[in-house]
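Undergrad: Listed in order, the protein sequences are those of chains A and B.
Here the first sequence is numbered in the numbering used here, starting from 1 and rising by one per residue.
Here the second sequence is numbered in the numbering used here, starting from 1 and rising by one per residue.
A portion of the hints provided could be inaccurate.
[Claimed, not checked] Straight-line Cα separation of at most 35 Å, DSBU-like style, residue types lysine-lysine; simulated pairs: (1) A:Lys-100 - B:Lys-166; (2) B:Lys-174 - A:Lys-7; (3) B:Lys-174 - B:Lys-32; (4) A:Lys-13 - B:Lys-174; (5) A:Lys-13 - B:Lys-136; (6) B:Lys-32 - A:Lys-69; (7) B:Lys-174 - A:Lys-92; (8) B:Lys-136 - A:Lys-201; (9) A:Lys-13 - A:Lys-92; (10) B:Lys-136 - A:Lys-92.
[Stated by the list, open to error] Computed footprint of chain B on chain A; a stretch qualifies when at least three of its residues, placed anywhere within it, have a C-beta under 8 Å from a C-beta of chain B: (11) 47–61; (12) 65–78; (13) 140–151; (14) 182–189.
Hints in this document: simulated from the structure, not taken from any laboratory.
Yeah, the Cβ is synthetic: ideal placement off N, Cα and C, and Gly gets one too.
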Amino acid sequence: MKLTKTKAYKVFKAPLIEANPVSVAILGICSSLAVTTQMIPSIVMVLAMTFVLSCSNVVISLLRHVIPKNIRIIVFLVVIASLVILADQLLKAFLFDVSKQLSVFVGLIITNCIIMGRAEAFALANDAWLSFWDGVGNGLGYGYILIVVAFFRELFGSGALFGIQVIPDALYELGYVNMGLMLLAPGVFVVIGLLVWVQNKLTGNS
Amino acid sequence: MELLSLAVESIFINNVLLAMFLGLCTFLGCSKEVNTAHGLGLAVIFVLAITTPVNWLLHHYLLRPGALEWLGFPEIDLSFLTFITFIATIAAMVQLVEMIMEKYVPALYISLGIFLPLIAVNCAILGTSLFMEQRKYDFAEAAVFGFSSGIGWYLAIVAFAAVRQKLKYADLPKGLDGFAINMITTGLIAMAFMAFSGIKLTN
Numbered sequence: 001m002k003l004t005k006t007k008a009y010k011v012f013k014a015p016l017i018e019a020n021p022v023s024v025a026i027l028g029i030c031s032s033l034a035v036t037t038q039m040i041p042s043i044v045m046v047l048a049m050t051f052v053l054s055c056s057n058v059v060i061s062l063l064r065h066v067i068p069k070n071i072r073i074i075v076f077l078v079v080i081a082s083l084v085i086l087a088d089q090l091l092k093a094f095l096f097d098v099s100k101q102l103s104v105f106v107g108l109i110i111t112n113c114i115i116m117g118r119a120e121a122f123a124l125a126n127d128a129w130l131s132f133w134d135g136v137g138n139g140l141g142y143g144y145i146l147i148v149v150a151f152f153r154e155l156f157g158s159g160a161l162f163g164i165q166v167i168p169d170a171l172y173e174l175g176y177v178n179m180g181l182m183l184l185a186p187g188v189f190v191v192i193g194l195l196v197w198v199q200n201k202l203t204g205n206s
Numbered sequence: 001m002e003l004l005s006l007a008v009e010s011i012f013i014n015n016v017l018l019a020m021f022l023g024l025c026t027f028l029g030c031s032k033e034v035n036t037a038h039g040l041g042l043a044v045i046f047v048l049a050i051t052t053p054v055n056w057l058l059h060h061y062l063l064r065p066g067a068l069e070w071l072g073f074p075e076i077d078l079s080f081l082t083f084i085t086f087i088a089t090i091a092a093m094v095q096l097v098e099m100i101m102e103k104y105v106p107a108l109y110i111s112l113g114i115f116l117p118l119i120a121v122n123c124a125i126l127g128t129s130l131f132m133e134q135r136k137y138d139f140a141e142a143a144v145f146g147f148s149s150g151i152g153w154y155l156a157i158v159a160f161a162a163v164r165q166k167l168k169y170a171d172l173p174k175g176l177d178g179f180a181i182n183m184i185t186t187g188l189i190a191m192a193f194m195a196f197s198g199i200k201l202t203n
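Between the sequences and the hints, there should be enough to build the whole structure, so can you do that?
TA: Right, here's the structure in full:
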């Protein structure tokens with residue numbers, strides 16, 4: 001069987017564009033837009049998020065026959081919070097500078113609705129292998145939005161990418177000015193709005 | 001006076017929703033009508049005003065490095081348990097608030113309905129507690145910060161719901177309607193709130 005025909009591949013691919021958790025299902029934008037002023041923290045955030053999402057999906061999927069139905073939300077929260085603590089400690093140990101920049105937003109992965117939503121909608125009804133790929137797919141689908149937003153914000157807001165200046169000095173001498181609005185809150189909302197508009201146009205749904 | 005300044009700052013300038021992006025999911029999901037937005041906003045104020053000081057007490061007397069001195073364990077540092085403790089407090093508080101409301105103010109309880117339990121997973125609540133811990137507020141500041149963050153969130157969601165009700169009749173290009181225009185509208189409201197930045201009551 002070819003790789004692209006397996007069920008795990010389908011589960012992995014769906015959330016990337018057509019069932020994207022952020023732009024189609026409107027989940028989980030809350031906790032992390034503030035980190036998208038630069039590329040590097042955004043990428044670290046995406047990795048942390050994908051780690052927590054795939055692990056929590058696996059754990060909840062393995063526990064799905066044991067979790068009593070009426071206290072499942074509390075069980076989800078405990079599993080997710082433990083994984084987030086793990087991710088936070090790892091970041092503090094190995095990427096201290098980025099961890100400082102992300103500040104409270106690593107902790108806010110706990111209340112990211114994507115994780116809770118996938119646990120409830122997918123992991124509770126599927127085996128661990130599929131749930132793992134669903135977690136990775138959703139994490140990357142979320143990550144793609146985050147990274148595109150960070151790309152535009154860093155490029156137009158501070159004329160740089162990954163902290164390295166890309167807009168040449170000659171352009172600044174001609175009178176080009178960085179767009180300060182991009183670094184502020186309203187910029188994000190507008191960029192996401194336009195991004196979703198473009199995506200809706202391309203995929204043809206609304 | 002400093003507390004008043006902190007309140008103004010967290011309501012208008014560093015609005016928890018429009019400047020920190022917290023609680024956006026609920027904000028987009030429950031803002032179709034002004035009435036629901038109003039009820040939900042009140043519930044958020046209520047829960048924030050209770051959980052932030054309670055989390056402050058827990059953090060100060062149990063979790064921070066050296067917090068267990070009063071028990072005779074000055075060297076213990078439990079701060080890695082912060083996330084799980086805060087979210088447990090929030091879930092428990094929401095449950096408690098729900099039970100108290102059901103007993104004593106059933107009218108308000110019914111009007112809030114499903115939104116009350118959903119507040120437990122609203123990032124604005126956890127976010128406020130985490131900011132409170134990170135910025136090292138004292139108890140009075142934590143209480144004021146929690147309450148005024150709630151008011152800021154309430155103002156934002158009511159304003160947005162009012163715009164959105166009018167927006168229903170707008171004739172938008174295909175693809176821009178729905179989520180896309182909601183985000184852009186939020187961006188415009190955020191821009192309006194930025195007019196407050198720079199206001200200071202104390203020097």
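Undergrad: Are the Cα atoms of A:Lys-13 and A:Lys-92 separated by 35 Å or less?
TA: 31 Å, holds
Undergrad: Keeping to a limit of 35 Å between CA atoms, is the pair of B:Lys-174 and B:Lys-32 held or broken?
TA: Holds. B:Lys-174 to B:Lys-32 sits at ~20 Å (cutoff 35 Å).
Undergrad: Could you grab the alpha-carbon distance between A:Lys-13 and B:Lys-174 and see if it respects the 35 Å cut-off?
TA: 26 Å, holds
Undergrad: Tell me if the straight-line CA distance from A:Lys-13 to B:Lys-136 falls inside 35 Å.
TA: Distance of about 43 Å is beyond 35 Å: violated.
Undergrad: Taking 8 Å as the C-beta cutoff, is the stated coverage of the stretch 47–61 of chain A by chain B satisfied by three or more residues?
TA: violated (count 0)
Undergrad: Would you mind confirming whether the straight-line C-alpha gap from B:Lys-174 to A:Lys-7 stays at or under 35 Å?
TA: 33 Å, holds
Undergrad: Given the hint that B:Lys-174 pairs with A:Lys-92, does the C-alpha gap stay at or below 35 Å?
TA: Judged against 35 Å, a Cα distance of about 45 Å means the pair is violated.
Undergrad: Could you grab the alpha-carbon distance between B:Lys-136 and A:Lys-92 and see if it respects the 35 Å cut-off?
TA: Answer holds: B:Lys-136 to A:Lys-92 is near 19 Å, not above 35 Å.
Undergrad: Keeping to a limit of 35 Å between CA atoms, is the pair of A:Lys-100 and B:Lys-166 held or broken?
TA: 42 Å, violated
Undergrad: Please count how many residues of the stretch 65–78 of chain A have a CB within 8 Å of a CB from chain B and say whether that reaches 3.
TA: holds (count 4)
Undergrad: Going straight from one Cα to the other, do B:Lys-32 and A:Lys-69 come out at no more than 35 Å?
TA: The hint holds at about 30 Å.
Undergrad: How does the stretch 182–189 of chain A fare against chain B when you require at least three residues with a CB closer than 8 Å, holds or violated?
TA: holds (count 6)
Hints 1, 5, 7, 8, 11, 13 from the list above are not met by this structure, while the remaining hints are.
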